[in-house]
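Read in order, the letters of the sequence shown are residues 1 to 217 in this note's numbering.
These aren't lab readings, by the way, just hints derived from the structure by calculation. As the structure is a computational prediction, the values presented were derived from the model and not from experiment. Mixed in with the good hints, there may be bad ones.
[As the list claims (entries may be wrong)] Simulated restraints on C-beta separations:
(1) 81 to 56: 29 to 39 Å
(2) 153 to 178: 10 to 20 Å
(3) 111 to 203: 22 to 32 Å
(4) 172 to 29: 31 to 41 Å
(5) 205 to 73: 15 to 25 Å
(6) 210 to 75: 27 to 37 Å
[Claimed, not checked] With a cut-off of at most 16 Å between alpha-carbon atoms, the simulated EDC-like pairs for lysine to aspartate or glutamate come out as follows:
(7) 213 to 27
(8) 68 to 105
(9) 44 to 80
(10) 202 to 74
(11) 61 to 105
(12) 22 to 161
(13) 84 to 27
(14) 81 to 154
(15) 164 to 140
(16) 84 to 198
(17) 61 to 94
(18) 68 to 149
(19) 3 to 105
(20) 22 to 97
(21) 81 to 105
(22) 81 to 191
(23) 213 to 171
(24) 81 to 149
(25) 164 to 105
(26) 44 to 71
(27) 84 to 52
(28) 152 to 52
The beta carbon of each residue, even a glycine, is placed where N, CA and C say it ideally should be.
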Amino acid sequence: MNKPFIIAIDGLAASGKGTLAKLLAQELNFHFLPTGNIYRLIGKLLINSKTELNDISSIIKIAHTPIKLYDLLDYSLNNEKIAKVASRIATIPEVREILTKFQQEFAANNYPGVVLEGRDIGTVVCPNANIKFFITANLEVRARRRYQELHKNEPNLLYSDIIKNMQDRDERDKNRAISPLIPAPDAIIIDNSNLSIENSLKYILSFIPQTVKYTNI
1 MNKPFIIAID GLAASGKGTL AKLLAQELNF HFLPTGNIYR LIGKLLINSK TELNDISSII
61 KIAHTPIKLY DLLDYSLNNE KIAKVASRIA TIPEVREILT KFQQEFAANN YPGVVLEGRD
121 IGTVVCPNAN IKFFITANLE VRARRRYQEL HKNEPNLLYS DIIKNMQDRD ERDKNRAISP
181 LIPAPDAIII DNSNLSIENS LKYILSFIPQ TVKYTNI
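Using the sequences and the hints, build the whole thing.
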């Protein structure tokens with residue numbers, strides 16, 4: 001049996017990579033895995049269990065919780081408190097090892113292809129992906145997007161807090177010792193600061209081989 005066609009989409013927080021990855025998977029009839037939501041799901045479990053962030057052994061135990069794909073689509077994961085916890089636990093090597101294995105097994109066993117979205121897909125999880133994208137946008141644009149996304153459900157949220165949290169998140173992601181957020185050397189870098197989601201998707205699709213586009217119609 002042929003191997004699945006693997007598309008890796010990495011990028012900064014609120015760069016639009018999640019929306020683009022989901023739309024791309026729908027367009028190609030591929031399986032979709034939002035890997036950041038795996039860390040958020042574990043973060044939510046930590047919060048619910050009142051586990052302290054310095055209790056590494058308990059965090060590792062929770063990271064072994066079986067993951068159901070429908071849990072990753074839970075809108076409650078789009079929460080700044082959960083996002084901050086997820087970013088912290090993502091720096092724990094044992095947690096990354098557990099969750100990376102899950103992602104790799106997903107990529108290897110879903111046909112005809114997969115779109116994995118995250119922060120180290122093209123560099124660590126699937127370094128041999130068939131095609132890799134790195135999505136970016138300037139800080140102010142990303143903070144405004146995140147504010148608009150969350151403000152309806154979190155009316156007390158301040159834009160100034162969003163931009164500060166995002167700056168801190170960028171620093172942690174880029175400078176962590178394990179799997180820092182960097183583009184793969186062979187990634188196609190897309191700055192969508194001035195692009196709509198529709199135009200960003202069209203641009204991404206222009207790099208997908210025709211044989212992949214039309215195989216699954």
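Each hint tested on the structure:
Checked against the given bound of 29 to 39 Å, the beta carbons of residue 81 and residue 56, roughly 20 Å apart, lie outside it. The supplied range of 10 to 20 Å is broken by residue 153 and residue 178, whose beta-carbon atoms lie about 32 Å from each other. The hint said 22 to 32 Å for the Cβ distance between residue 111 and residue 203, and at roughly 26 Å that hint holds. Range check, residue 172 to residue 29: about 35 Å between beta-carbon atoms, so the 31 to 41 Å window is met.
Separation of residue 205 from residue 73 is about 23 Å and conforms to the stated range, judged on CB atoms against 15 to 25 Å. Distance hint for residue 210 and residue 75: a CB-CB separation of about 35 Å, consistent with the stated range 27 to 37 Å. This hinted pair checks out: residue 213 and residue 27 have alpha carbons roughly 8 Å apart, not beyond 16 Å. Between residue 68 and residue 105 the CA atoms are separated by roughly 14 Å; this keeps the pair inside 16 Å, and the hint holds.
Our distance criterion of 16 Å between C-alpha atoms is met by residue 44 and residue 80, whose separation comes to about 11 Å. A C-alpha spacing of about 27 Å is found between residue 202 and residue 74, which places the hinted pair above 16 Å, so the restraint is violated. About 20 Å separates the Cα atoms of residue 61 and residue 105, which puts this hinted pair outside 16 Å; it is violated. For the hint linking residue 22 to residue 161, the alpha-carbon distance of about 27 Å lies beyond 16 Å, and the restraint is violated.
A hinted pair counts as satisfied when its Cα atoms are at most 16 Å apart, and residue 84 with residue 27 does not qualify at roughly 31 Å. Of the pairs offered as hints, the one joining residue 81 and residue 154 holds, with about 11 Å between alpha carbons and a cut-off of 16 Å not exceeded. A threshold of 16 Å between alpha carbons decides the hint, and for residue 164 with residue 140 the separation of about 11 Å falls inside it, so the pair holds. With a C-alpha separation of about 29 Å, the suggested pair residue 84 and residue 198 falls outside the 16 Å cut-off, and the hint is violated.
Restraint check for residue 61 and residue 94: the C-alpha separation of about 10 Å stays at or below 16 Å, so the hint holds. Distance restraint check for residue 68 and residue 149: the Cα-Cα separation of roughly 25 Å exceeds the 16 Å cut-off, and the hinted pair is therefore not satisfied. Simply put, residue 3 and residue 105 have alpha-carbon atoms about 12 Å apart, close enough for the 16 Å limit, and the pair holds. Distance check on the hinted pair: residue 22 and residue 97 sit about 24 Å apart at the alpha-carbon level, beyond 16 Å; violated.
For the hint linking residue 81 to residue 105, the alpha-carbon distance of about 29 Å lies beyond 16 Å, and the restraint is violated. Between residue 81 and residue 191 the alpha-carbon distance is near 27 Å, which puts this suggested pair outside the 16 Å criterion. Proposed proximity of residue 213 and residue 171 is contradicted: the alpha carbons are some 36 Å apart, above 16 Å. Our distance criterion of 16 Å between C-alpha atoms is met by residue 81 and residue 149, whose separation comes to about 14 Å.
For the proposed pair residue 164 and residue 105, the alpha carbon gap of about 35 Å is over 16 Å, so the pair is violated. Note on residue 44 and residue 71: the hinted pairing holds, with a Cα-Cα distance of about 11 Å set against a maximum of 16 Å. Between the alpha carbons of residue 84 and residue 52 the distance comes to roughly 13 Å, so the proposed pair stays at or under 16 Å and holds. Taking the CA atoms of residue 152 and residue 52, the gap is about 29 Å. The hint is violated against a cut of 16 Å.
In summary, the numbered hints that this structure violates are 1, 2, 10, 11, 12, 13, 16, 18, 20, 21, 22, 23, 25 and 28.
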